[in-house]
Amino acid sequence: MNGILSIDQQIVSWFHALFGGNGWGTIILVVVSLLVTILCAGIIGFEREYHGHAAGLRTHLLVAIGSALIMTISLYGFPVIFASDTRDPARLAAQVVSGIGFLGAGTIIQTGTDVKGLTTATTLWLAMAIGIAAGSGNFIIAIIATALAFVSLVSLRRIEKLASRRNPIIRIVVPSERPILKEIHLVANHYGIAIRDLESQIVEYQNQSVLRLTMRCSFVAKAQVTAFIDDLREKINPLDIKLSTES
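Numbering (this note's numbering), first residue to last: 1 to 247.
Read the hints as simulated data drawn from the structure, not as lab findings. Please note that a few of the clues may not be correct.
[Unchecked claim] In the EDC-like style, the derived pairs of lysine to aspartate or glutamate whose C-alpha atoms are separated by at most 16 Å in a straight line are: (1) K242 to E177; (2) K116 to E160; (3) K242 to D230; (4) K235 to E160; (5) K242 to D231; (6) K182 to E199; (7) K235 to E183.
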C-alpha cells in the first residue's frame, strides 16, 4: 500500500516529470493550486454573498488564497540546505488553523438569545481548509469538500426554515415594574407550549424604560402559538409583542 500514490500525488508527480524538475513544474503546480482555490472558495463565498452575509465572496476568496499561499510557501518557499532536512511543512498550516479563529469570531454576533454569524464563521474556516488542501496539492479533496459544503448550504437551508417555524422567537415588551413571568408560564402550560431560552432586558421603548422578554417556544400546531399570543395580549396587555421565525 505504501507504493500506491493517490490521484493528487500522481498529478503532482506528473507536473514535475513533465517539466523535468527544472522549477517550471513547481511554478505551474502553484498556479493550478491557486486557481483551484479561487474556484472552490469562490463557490462558497458566492453563496454567502448571495444571501447578504457580511463575509461574502471577497472575504472567502482572500482567506482561501492566503491559506493556499502559506501552504505553498511552506512546501516550496524554503530550499533544502541539508540532506537531513527535517522541516515540517504542516507547521505554518497549523498556525493558519489557529489564527482563523479570531477572524471567525468577528463574524459572530449575539443579541439576547439571538446568535448570528455561526454559519459564516464556519464557512470562513472551511475556506481556510480548502486553501490548505489546494495549496498542498490535494485538489480532489478540495473539490469534493467544496461540492459537499455547497450542497449542504443550499439544500439544508429549506429544512432549517421548516424547523424554525416550529421553534419561533417571541418578544414581549411590558412596563419594567410589572411581574409577568408567572403569568406567561401559566398561559404557555395551558396551551402546551414549551418555553426555552427565556431572557429579560431593560431597554428604551418610546422614551421610557421597559422590560423586554425574549423567548424561544416549541409547539406542535400553529394554532397553539396563535392562541398563546392572543391570550397573552388579553391577560398581560403588553406594549408590544412580536413573533419571529428568524434567529
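Structure-based check of all given hints:
The straight-line distance between the Cα atoms of K242 and E177 is roughly 20 Å, outside the 16 Å bound, and the hint therefore fails. In summary, the hint linking K116 to E160 is supported, as the alpha carbons are separated by about 14 Å, within the 16 Å threshold. With a C-alpha separation of about 11 Å, the suggested pairing of K242 with D230 holds against the 16 Å cut-off. Under the criterion of a C-alpha separation no larger than 16 Å, the hint pairing K235 with E160 is inconsistent with the structure, at around 33 Å.
Of the pairs offered as hints, the one joining K242 and D231 holds, with about 14 Å between alpha carbons and a cut-off of 16 Å not exceeded. For the suggested pair K182 and E199, the alpha carbons sit about 14 Å apart, so the restraint of at most 16 Å is met. Annotation: proposed proximity of K235 to E183 holds, straight-line Cα distance about 8 Å (limit 16 Å).
The earlier numbered hints that this structure contradicts are 1, 4.
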